[in-house]
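Q: Read top to bottom, the protein sequences are chains C and U.
Under this note's numbering, the first residue of the first sequence is numbered 1, with each subsequent residue one higher.
Under this note's numbering, the first residue of the second sequence is numbered 1, with each subsequent residue one higher.
A few of these clues could be false.
Residues from chain U shown here face chain C by an in silico Cβ test under 7 Å; the list is partial [what the hints assert, rightly or not]:
(1) Lys2
(2) Ala109
(3) Ala155
(4) Gly158
(5) Ile178
(6) Pro181
(7) Phe182
(8) Ser185
(9) Val186
(10) Ser196
(11) Ser204
(12) Arg210
(13) Arg319
(14) Asn320
(15) Arg321
(16) Leu322
Straight line, CA to CA, 27 Å or less: simulated DSS-like cross-link-like pairs of lysine-lysine [stated by the list, open to error]:
(17) Lys188(C) <-> Lys227(C)
(18) Lys231(C) <-> Lys162(C)
(19) Lys47(U) <-> Lys118(C)
(20) Lys182(C) <-> Lys47(U)
(21) Lys110(C) <-> Lys81(C)
(22) Lys118(C) <-> Lys81(C)
(23) Lys252(C) <-> Lys188(C)
(24) Lys2(U) <-> Lys143(C)
(25) Lys110(C) <-> Lys2(U)
(26) Lys252(C) <-> Lys231(C)
(27) Lys346(C) <-> Lys227(C)
(28) Lys321(C) <-> Lys370(C)
FYI, nobody ran anything at the bench for these hints, they're computed from the structure.
No residue lacks a Cβ here, since even glycine has one placed at the ideal position from N, Cα and C.
Below, each chain spelled out in residue letters.
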Amino acid sequence: MDGAAPLFRMEGISKRYGGVRALEKAELTVEAGSIHAILGENGAGKSTLIKVMAGVVAPDEGHMMLDGREVAFASPGAANKAGIVCIFQELSLIPELSVADNIVISDPPKRFGMIDRKAQRRIAEDALARAGAGDIHPLALVKDLPLSRRQMVEIAKALARKPRILILDEATSALTAADVSKIFGVLKRLRSEGLALLYISHRMNEIAELADQCTVFRNGRNVASYKAGSKSDNEVVELMIGREYSHIFPPKPPAAPAGAAPRLEARRLSWADRLHDISLTVRAGEVVGLGGLDGQGQRELLLAFFGVLRGLSGEVLIDGKPVTITSPAAAREDGIGMALIPEDRKTEGLMLPMTVRENLSFAALDRLSKGGIIDRAAEQRLIDDMVGLLAIKTGGLDIPVGALSGGNQQKVVIAKWLMRQPRIILLNDPTRGIDVGTKQEIYQLMRKLADAGAAILFYSTDYDELIGCCDRVLVLYDGAVKRELVGAEITERALISSALNIHGEESPVGLGASL
Amino acid sequence: MKDWRYWLAEQRGTLLALGIFIVMFVIYTSNHPAGFTANVVQTAANKGVLLAFVAMAQTLVVITSGIDLSVGMIFLLTNCLASWLVVGTPMQTTLGVIAVLAAGLLCGAINGAIVIYGRLQPIVATIATGAVYYGIGLLLRPFPGGSVNEDLADALTGRVFGFVPASLVVLLAIVLVIWVPFSRSVLGRAAYAAGSSETAAYMSGVPIRRGKFAAYTLAGLLAAIGGLFLTFFTYTGEAAYASGNSYTLFSIAAVVLGGVSLFGGKGSAIGAIFGALAFRTIGDLLFVFDFDPLWQPLFQGVILLVAVSLGAFALFRVRNRLEWFL
Chain C
1 MDGAAPLFRM EGISKRYGGV RALEKAELTV EAGSIHAILG ENGAGKSTLI KVMAGVVAPD
61 EGHMMLDGRE VAFASPGAAN KAGIVCIFQE LSLIPELSVA DNIVISDPPK RFGMIDRKAQ
121 RRIAEDALAR AGAGDIHPLA LVKDLPLSRR QMVEIAKALA RKPRILILDE ATSALTAADV
181 SKIFGVLKRL RSEGLALLYI SHRMNEIAEL ADQCTVFRNG RNVASYKAGS KSDNEVVELM
241 IGREYSHIFP PKPPAAPAGA APRLEARRLS WADRLHDISL TVRAGEVVGL GGLDGQGQRE
301 LLLAFFGVLR GLSGEVLIDG KPVTITSPAA AREDGIGMAL IPEDRKTEGL MLPMTVRENL
361 SFAALDRLSK GGIIDRAAEQ RLIDDMVGLL AIKTGGLDIP VGALSGGNQQ KVVIAKWLMR
421 QPRIILLNDP TRGIDVGTKQ EIYQLMRKLA DAGAAILFYS TDYDELIGCC DRVLVLYDGA
481 VKRELVGAEI TERALISSAL NIHGEESPVG LGASL
Chain U
1 MKDWRYWLAE QRGTLLALGI FIVMFVIYTS NHPAGFTANV VQTAANKGVL LAFVAMAQTL
61 VVITSGIDLS VGMIFLLTNC LASWLVVGTP MQTTLGVIAV LAAGLLCGAI NGAIVIYGRL
121 QPIVATIATG AVYYGIGLLL RPFPGGSVNE DLADALTGRV FGFVPASLVV LLAIVLVIWV
181 PFSRSVLGRA AYAAGSSETA AYMSGVPIRR GKFAAYTLAG LLAAIGGLFL TFFTYTGEAA
241 YASGNSYTLF SIAAVVLGGV SLFGGKGSAI GAIFGALAFR TIGDLLFVFD FDPLWQPLFQ
301 GVILLVAVSL GAFALFRVRN RLEWFL
């Protein structure tokens with residue numbers, strides 16, 4: 001640093017969501033003409049950091065300085081005007097509009113007060129060419145493009161805004177290898193043009209190729225900044241490790257029960273370009289974890305088992321017998337007995353305005369009714385059992401479930417499925433956004449259900465949970481199982497390095513080069 | 001792919017509506033005792049443009065993925081208002097027309113403000129405001145009556161050059177003056193963007209609120225133009241509740257026939273115009289084939305179902321069943 005103010009600097013930035021600290025006095029300095037990589041495991045605060053920079057969320061405290069002057073952004077639009085443009089992981093394209101419409105969306109060229117379509121077309125073609133995506137037709141509708149092409153449009157759209165700081169959040173995750181190398185060429189050219197690029201990726205090889213500077217985040221804080229290439233992969237993993245252990249886990253049984261045919265088995269399961277040749281087994285009495293970074297196909301895998309996806313290839317076996325499950329209603333039937341605790345309880349798990357009672361009995365209504373009439377007494381008995389078993393705290397069974405706390409809502413979602421006594425339980429990040437006390441209860445419950453003979457497949461973004469709860473963990477990367485960890489092998493180091501697909505010396509599975 | 005193919009794909013809904021309309025209209029005129037004459041076309045046009053204006057109004061709101069259940073009532077209210085104000089000297093008449101249009105704009109702006117800034121659901125907000133607008137219309141015209149400047153009325157409902165219906169010329173002018181600029185303006189694009197994906201639009205810094213407000217306000221204006229024309233055809237004002245309701249419902253049908261997606265973000269007012277004209281022709285067909293008019297609602301319903309089903313085939317291609325519910 002040579003006296004001159006850096007292009008952008010943030011100091012003492014903190015942000016809390018309810019009781020959860022996403023950022024705690026975070027700092028970051030971004031220099032013009034360089035590519036700055038941000039690293040950190042799930043929940044380390046990376047996404048919140050860029051959301052603050054891009055004007056999507058306002059920080060609780062702290063300053064941001066652009067060219068040495070203090071700035072604050074009220075909206076993404078304001079950040080764009082200041083020259084900070086972010087390419088978000090969840091695409092920000094408008095599906096029903098054309099590629100050209102999308103590229104110029106924030107500031108379309110005007111003529112006589114109307115949008116100048118010829119100029120728009122020129123800008124779009126130019127931006128697409130600059131992004132190395134000249135093969136995309138500017139008049140095509142975004143919704144008709146495959147995901148990888150949309151991501152290229154997203155990059156072109158960002159370039160058309162003439163940014164000074166360009167933030168790429170996992171921007172290459174959906175791209176093909178050919179596109180990635182094109183994009184790298186573009187990014188290096190932008191760097192030489194004096195832009196500052198902030199690059200968030202979990203692909204270590206990409207960071208090694210691109211980055212000039214790296215900053216590691218952990219627990220909402222920047223813990224280290226270093227020149228790219230000055231640390232080994234293992235040292236980087238070391239920096240990322242170190243989350244505070246705050247949960248108490250039930251003891252695991254001494255050894256995973258073996259012998260009988262697995263309760264749930266997948267053989268070479270593939271779907272679209274999201275799942276590739278996944279084979280796994282879950283035995284009765286076992287808790288099997290799904291690990292890896294967010295969005296590596298874990299959610300799709302659970303949906304595939306639960307009969308939501310069409311066009312699956314490969315085989316699913318229950319108790320050794322092949323089955324074809326075509327809907328959630330079929331998945332819960334007696335011969336299969338599957339339950340899925342979904343990721344988003346507010347949209348996929350609960351009918352928020354309906355009462356606790358109604359929500360609890362939805363999944364089991366067919367068992368509680370005769371000739372279409374609900375047996376109220378039987379319903380009440382079962383509900384009482386569940387409320388007792390899960391210790392659901394509610395002001396009554398007839399209040400809207402939306403009035404409960406997040407933890408109690410999640411208990412209702414779980415209880416709803418337990419009312420059917422499922423034999424296979426799929427959990428999709430069930431403890432996200434709930435309090436520590438309820439988390440512990442859910443861990444205890446999971447173990448209790450497994451001990452009673454259920455087969456449990458458990459996806460979590462929290463590595464502590466996988467370590468504390470699971471008998472085995474399968475780590476997914478790019479829709480494929482990269483590594484299986486058993487018993488004492490399940491450590492934070494092993495989880496992180498396999499999630500990042502680093503082939504360290506301790507990696508027992510030689511899978512060759514990825515991609 | 002060539003440019004024209006993209007254009008074709010974009011206009012598919014509009015062209016389909018045009019096709020349906022032409023087929024029906026050809027069947028209609030070729031079976032009409034008088035055939036394809038200026039008189040027949042003029043009568044059909046005058047009946048059709050009323051629904052066309054209201055359907056255009058509905059389109060603007062539907063594009064933002066809202067719905068306006070008050071368009072029929074704004075149509076009635078402005079009809080009642082016009083039967084008081086659009087009279088007298090050319091100067092007075094002009095001022096009257098301006099006042100009627102301003103009233104429509106205001107009604108639309110109130111809808112927009114309630115939906116956007118009050119964050120009420122469009123369906124409820126416009127049921128309520130629709131009742132209010134109808135109530136005002138009823139106070140203005142408790143009984144059918146009033147009058148209108150007949151010179152203006154006859155000029156706008158007559159023919160130009162002896163064969164072109166004047167009402168169609170006005171419709172075309174309105175498309176050029178209101179729809180085309182709107183659809184090509186930043187606000188129009190914001191309306192589309194908000195209807196297609198409001199989060200993505202917000203993340204892209206699109207002026208969502210202004211776009212939606214413009215859509216609701218212009219919808220009020222278009223409904224008022226419809227109300228004016230109703231007055232020109234009937235020479236009177238009447239707060240006819242059933243008529244207002246059926247215009248509201250038919251406008252939704254016309255919009256769907258015209259290829260506008262009720263989920264928002266897609267479609268064109270021009271498609272909705274052809275949808276409206278086609279919908280009106282369905283009724284006329286029964287007349288030339290000497291059907292009992294009792295059959296009309298049933299027949300209209302069946303045609304509408306068939307036309308709307310054409311748009312649902314894409315659902316068969318979905319690979320993630322959760323997308324059915326998006």
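Q: Each hint should be assessed against the structure and marked as holding or not.
A: Do the hints match the structure? See the list:
no. : hint                    : result
1   : Lys2                    : violated (9 Å)
2   : Ala109                  : violated (20 Å)
3   : Ala155                  : violated (30 Å)
4   : Gly158                  : violated (33 Å)
5   : Ile178                  : violated (13 Å)
6   : Pro181                  : holds (6 Å)
7   : Phe182                  : violated (9 Å)
8   : Ser185                  : holds (5 Å)
9   : Val186                  : holds (6 Å)
10  : Ser196                  : holds (4 Å)
11  : Ser204                  : holds (5 Å)
12  : Arg210                  : violated (12 Å)
13  : Arg319                  : holds (5 Å)
14  : Asn320                  : holds (6 Å)
15  : Arg321                  : holds (5 Å)
16  : Leu322                  : holds (6 Å)
17  : Lys188(C) <-> Lys227(C) : holds (17 Å)
18  : Lys231(C) <-> Lys162(C) : violated (33 Å)
19  : Lys47(U) <-> Lys118(C)  : violated (38 Å)
20  : Lys182(C) <-> Lys47(U)  : violated (58 Å)
21  : Lys110(C) <-> Lys81(C)  : holds (17 Å)
22  : Lys118(C) <-> Lys81(C)  : holds (24 Å)
23  : Lys252(C) <-> Lys188(C) : violated (50 Å)
24  : Lys2(U) <-> Lys143(C)   : holds (18 Å)
25  : Lys110(C) <-> Lys2(U)   : holds (25 Å)
26  : Lys252(C) <-> Lys231(C) : violated (36 Å)
27  : Lys346(C) <-> Lys227(C) : violated (43 Å)
28  : Lys321(C) <-> Lys370(C) : violated (31 Å)
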